[in-house]
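2 protein chains.
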Amino acid sequence: MRIAVLGGDGFVGWPTALHLSDLGHHIDIVDNLSRRWIDTELGVQSLTPMDSIQERCRIWREVSGRKINFHLLDLAKEYERVKAWLLEHKPDAVIHFAEQRAAPYSMKSDRHKVYTVSNNVNATHNLLTALVETGIDAHLVHLGTMGVYGYSTVGAAIPEGYLPVQIETMDGAKAEQEILYPTRPGSVYHMTKSLDQILFQFYAQNDGLRITDLHQGIVWGTHTEQTRRHDQLINRFDYDGDYGTVLNRFLIQAAIGYPLTVHGTGGQTRAFIHIQDSVRCIELALNDAPQAGERVRIFNQMTETHRVRDLAERVAGLTGAKVAYLPNPRKEAPENDLVVKNDQFLNLGLNPTTLENGLLSEIVEIAQKFAHRIDRKRVPAVSAWTKEIAGGLNTDPEDTRLKSVS
Amino acid sequence: MRIAVLGGDGFVGWPTALHLSDLGHHIDIVDNLSRRWIDTELGVQSLTPMDSIQERCRIWREVSGRKINFHLLDLAKEYERVKAWLLEHKPDAVIHFAEQRAAPYSMKSDRHKVYTVSNNVNATHNLLTALVETGIDAHLVHLGTMGVYGYSTVGAAIPEGYLPVQIETMDGAKAEQEILYPTRPGSVYHMTKSLDQILFQFYAQNDGLRITDLHQGIVWGTHTEQTRRHDQLINRFDYDGDYGTVLNRFLIQAAIGYPLTVHGTGGQTRAFIHIQDSVRCIELALNDAPQAGERVRIFNQMTETHRVRDLAERVAGLTGAKVAYLPNPRKEAPENDLVVKNDQFLNLGLNPTTLENGLLSEIVEIAQKFAHRIDRKRVPAVSAWTKEIAGGLNTDPEDTRLKSVS
Ligand SMILES: NC(=O)c1ccc[n+]([C@@H]2O[C@H](COP(=O)([O-])OP(=O)(O)OC[C@H]3O[C@@H](n4cnc5c(N)ncnc54)[C@H](O)[C@@H]3O)[C@@H](O)[C@H]2O)c1
Ligand SMILES: NC(=O)c1ccc[n+]([C@@H]2O[C@H](COP(=O)([O-])OP(=O)(O)OC[C@H]3O[C@@H](n4cnc5c(N)ncnc54)[C@H](O)[C@@H]3O)[C@@H](O)[C@H]2O)c1
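So the sequences go chain by chain: Z and C.
UniProt numbering puts the first sequence at residues 1 to 406.
UniProt numbering puts the second sequence at residues 1 to 406.
Some hints here could point you the wrong way.
Identical copies carry no separate label here, and so any pair may be met within one copy or between two of them.
[As the list claims (entries may be wrong)] No more than 27 angstroms apart at the CA atoms, straight line, and that leaves these computed lysine-lysine pairs for DSS-like: (1) K369 to K341; (2) K108 to K90; (3) K83 to K108; (4) K387 to K77; (5) K387 to K90.
By construction, these hints were calculated from the structure, which means they are not laboratory data.
Computed from a prediction, not measured in an experiment: that's the story for all the values here.
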C-alpha cells in the first residue's frame with residue numbers, strides 16, 4: 001500500500017512510519033515540523049536526542065534498505081498544496097496525526113487556544129475536502145482521544161463511539177437511533193477532537209469517505225522494534241509541563257530526584273497504551289477498512305487504565321522517589337472512574353504490553369540513561385485552565401506548604 | 001445596554017440593530033462586509049436597493065436621532081483587534097450573526113467549503129476566547145439553525161437543545177444524563193453551526209461564559225417597523241440560487257413569470273419565522289440572560305413549519321405562477337416531517353406574524369415592486385451537494401423533460 005503519514009515526524013507518527021515501512025508499505029511522511037518549532041518556543045527539547053526528520057529517513061534507509069520520503073507541508077494553511085500533493089501521490093491510506101496534541105499547551109494563553117483550534121480544525125477539514133475534491137478513495141485513519149468524553153462519563157463504561165438512544169417521535173412512540181457518543185471535552189485540545197468527529201460524520205455521510213477514528217489513550221514508552229535498530233532512529237520523549245504526559249513526567253522526576261508531582265488528589269483515572277501497541281493497532285485498523293457509505297468506524301485504542309496516584313506510587317516503588325501533591329492546574333472532576341471497552345482491537349488480535357512488564361526498562365533505558373539532558377525548570381506544569389486556577393497555582397513541589405509523602 | 005451586533009450589515013443583523021437602537025440601546029455594528037464581497041463574487045445584488053452601511057447609519061440618525069456606530073473588523077482573521085475592540089467598547093451583550101450563512105454557497109466548491117469552515121469556526125472561537133481573555137462578562141447571543149439536526153430527526157419533535165438519555169453505568173445501573181440534542185448536519189454550513197455548539201458548551205463550562213444559542217428557522221419577509229421609515233433603510237433581499245431562501249425565491253419567480261422551482265418532490269418540511277419576529281425574539285432573549293455557570297440556553301426561533309411544495313402552491317395560488325419540479329441539488333431525505341417545540345419564546349410573549357397574513361404584502365411591496373431589478377440568470381440553484389448529484393442536475397425549469405404543473 002501507498003500510505004501517507006501526516007504528522008509523521010511526531011511521537012506516534014515516526015514509529016508508525018517505521019513500523020509500516022518495515023512491513024513493506026510505501027511510506028510518505030507529511031509534516032510541517034510545527035512540533036519542533038514549539039520545542040523552540042517553549043525552550044524545551046526531547047529527553048532523547050532526536051535527529052532531523054531528513055537524517056532519520058536517511059538512517060532508516062541505511063539500516064533497512066527501505067525508503068521513507070519526507071514532504072514539508074502545512075495541512076492547515078496550504079489547502080491548494082494539500083490537494084496537489086494528494087493528486088501527485090495518490091495514497092491508498094492516509095494516517096492523520098497532524099494536530100497540536102497537548103491539552104496544557106492548548107490552554108496556555110489565548111494565542112495558544114486560537115492556534116490549536118485553527119490548526120486542528122483546518123488541518124482535518126482541508127484534508128477531508130481535498131479527498132472529496134480529488135476523488136482519491138483513500139482510507140483515512142485519524143487519531144482521536146477518549147478525552148473527548150470528559151465530563152460526560154458519569155461512571156459509565158466508554159463504548160466504542162456510538163450510543164443507542166430512545167427518541168420520542170411525533171406520534172408519541174419511541175424510536176431507537178444510534179448517535180455519536182456524546183462528548184463533553186475538558187480542554188481546547190480535546191474540544192478540537194470533538195469537532196473532528198462532526199467533520200468525519202459529515203464527510204462519511206455526504207461523500208462516502210471511508211474513515212476510522214482511533215480514540216487513543218495516553219501513549220507511553222519510547223522504543224518500538226524499529227526505533228531500537230539504531231541510536232539515531234530513537235523516538236522523541238516529551239517531559240515538560242506542557243507536552244510531557246503524566247507517566248513520562250513521573251519517570252524523569254524519579255530519575256533526577258524531583259518529587260513526583262501529582263495534581264489534586266491524583267484520583268483521576270486515565271487510559272494508557274504502549275507505543276508498540278499503538279503502532280500495531282494502527283496496522284490492524286488499516287487492514288480493516290470500512291466501505292464507502294459506512295458510518296465512521298470508531299475504536300478505543302488503549303490497553304489499561306490507572307489512577308494517577310497509583311501510577312505515582314508504582315514509579316515511586318520502583319525508584320524510591322517521593323510523591324508531592326500539588327494544586328491541579330486543570331478544571332476537572334477530582335476523582336473519576338473509567339472503564340473503557342476495547343473489544344474491537346482485542347478481537348483483531350492485539351496482545352498488549354503491560355505497564356507491569358514495560359515500566360522498568362523505560363526507567364533504565366530512557367529516563368536514567370538520558371537524565372543528564374533534563375532541564376529542571378521545564379518540569380512544572382504551568383498552564384492553568386482558568387484565571388482563577390492560575391491565581392492559586394503553586395508549581396514548586398519543594399514548597400513546605402505542600403504535603404509530601406514518600 | 002451597550003450592545004455589539006456582529007454581522008450587523010446582514011439580512012437579520014441590520015433590522016436587529018435598528019430595532020434595538022429604537023428601544024434606546026447603544027448599538028455598535030461590527031462587520032467585515034464579506035457578504036457584500038460575496039455579492040460581487042457571484043455577480044448578484046439584493047433585490048432591494050441597499051445602501052452602504054455607513055450611509056444606512058447616517059440615514060438612521062437623521063430619521064431617529066439615534067446613533068449606530070459601524071466598525072470594520074474581521075472576527076475570523078483579526079484576533080488581536082477583536083480583543084482590543086472588546087476592551088475598548090466593553091459591551092454588555094454581544095449578538096453574533098457574523099458567519100457565512102448559505103448552505104448552497106458552502107457546497108459550491110472546495111474553496112467555498114474551506115472558506116465557510118475557516119470563517120465560521122474561527123469567528124466564533126476568536127470571539128469566545130477574546131471574551132475570556134478580556135474578562136468582559138457580556139451575554140453572548142448567537143444565531144444557530146435547526147438545520148443542525150438534519151438526518152437525526154427521524155420524525156421526532158425537535159426539542160429546545162437538550163435530550164435526556166439513559167447511560168449504563170459500570171455497575172450495570174442506568175443513569176440519566178442531559179446531552180446536547182444530537183446533530184447530523186446536512187451541509188458544510190450547517191456543520192459549522194454544529195461545531196459552534198461544541199465551542200459554546202466548552203466555554204460555558206470551563207469559563208462560565210453566559211451564552212444563548214438561537215436555533216432559527218428560515219427567515220422571511222423584508223420590512224420591520226424601523227426599515228419602513230425611510231427608503232434607504234430597506235433591508236437586503238437575496239433571491240439568487242445560493243443565498244435566496246426558498247420562499248424568497250418563489251416570490252421573485254412569481255414576480256417575473258418564471259416557474260416556481262421545487263426541488264425533488266418538495267416534500268421537505270422547513271421551519272419559518274418572519275424578520276419582525278426574529279428581531280423581537282432576539283430582544284426577548286437579551287432580556288433573559290443566563291447566569292455564569294449555567295449551561296448554554298438554547299431556544300428554537302421559528303413560528304411555523306411548511307412543506308416546500310405547499311409553499312409553492314400557496315404562492316402560485318396568490319400569483320397565478322406555475323410550479324416546476326427539478327432534481328434536488330441537495331443530498332437530503334426527499335420527504336420529512338418536522339415538529340418543532342418553541343414554547344420558550346411563546347412563554348416570553350412572542351406573538352407571531354403568520355405567513356397567512358404577511359405573504360401578500362411581501363409579494364406586492366417587495367417582489368413586484370422591485371421585479372425590474374431581477375437578473376433571471378441568477379435564479380437557478382446550481383450548487384450541488386456531491387459530484388454525482390452535479391452530474392444529474394438540470395437547472396432549466398423550461399426544459400420539456402420536466403414535469404410542470406400549474
Ligand atoms: N501522544 C499521546 O499520548 C496521544 C494520545 C491520544 C491521541 N494522540 C493523538 O495522536 C496524534 C499524534 O500524537 P503525537 O503524540 O505523535 O503528537 P506530536 O505533536 O508528537 O506529533 C504531531 C505531528 O504533527 C505535526 N503537525 C501538527 N500540525 C500540523 C499541520 N498543520 N500540518 C502538518 N503537520 C502538522 C507536528 O509537527 C508533529 O510532528 C495527535 O493527533 C494526538 O492528538 C496522541
Ligand atoms: N437568514 C436566515 O434565514 C437564517 C436562518 C437561520 C439562521 N440564520 C443565522 O443568522 C445569522 C445572520 O444571518 P443573515 O441572513 O443575516 O446572514 P447575512 O449573510 O446577511 O449576514 C451575515 C453578516 O455577517 C458578516 N460576516 C461574515 N463573516 C464575518 C467575519 N468573519 N467577520 C465580521 N463579519 C462577518 C457578513 O458580512 C454579513 O454582513 C447567520 O449566522 C445565520 O447563520 C439565518
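These are the hints, each one checked on the structure:
Taking the closest pair of Cα atoms, K369 and K341 never come within 27 angstroms of each other, the shortest separation being 36 angstroms inside a single copy and 64 angstroms across copies. Proximity of K108 and K90 under a CA criterion of 27 angstroms is satisfied inter-copy only: 24 angstroms between copies versus 38 angstroms inside one chain copy. With identical chains, the CA atoms of K83 and K108 are at most 27 angstroms apart between copies only, with a shortest distance of 17 angstroms across copies and 32 angstroms within one. For the homomeric pair K387 and K77, the shortest alpha-carbon distance between copies (25 angstroms) is at most 27 angstroms, but the shortest distance inside one copy (31 angstroms) is not.
In this assembly of identical chains, K387 and K90 lie within 27 angstroms of each other by CA distance solely across copies; the values are 19 angstroms between and 47 angstroms within a copy.
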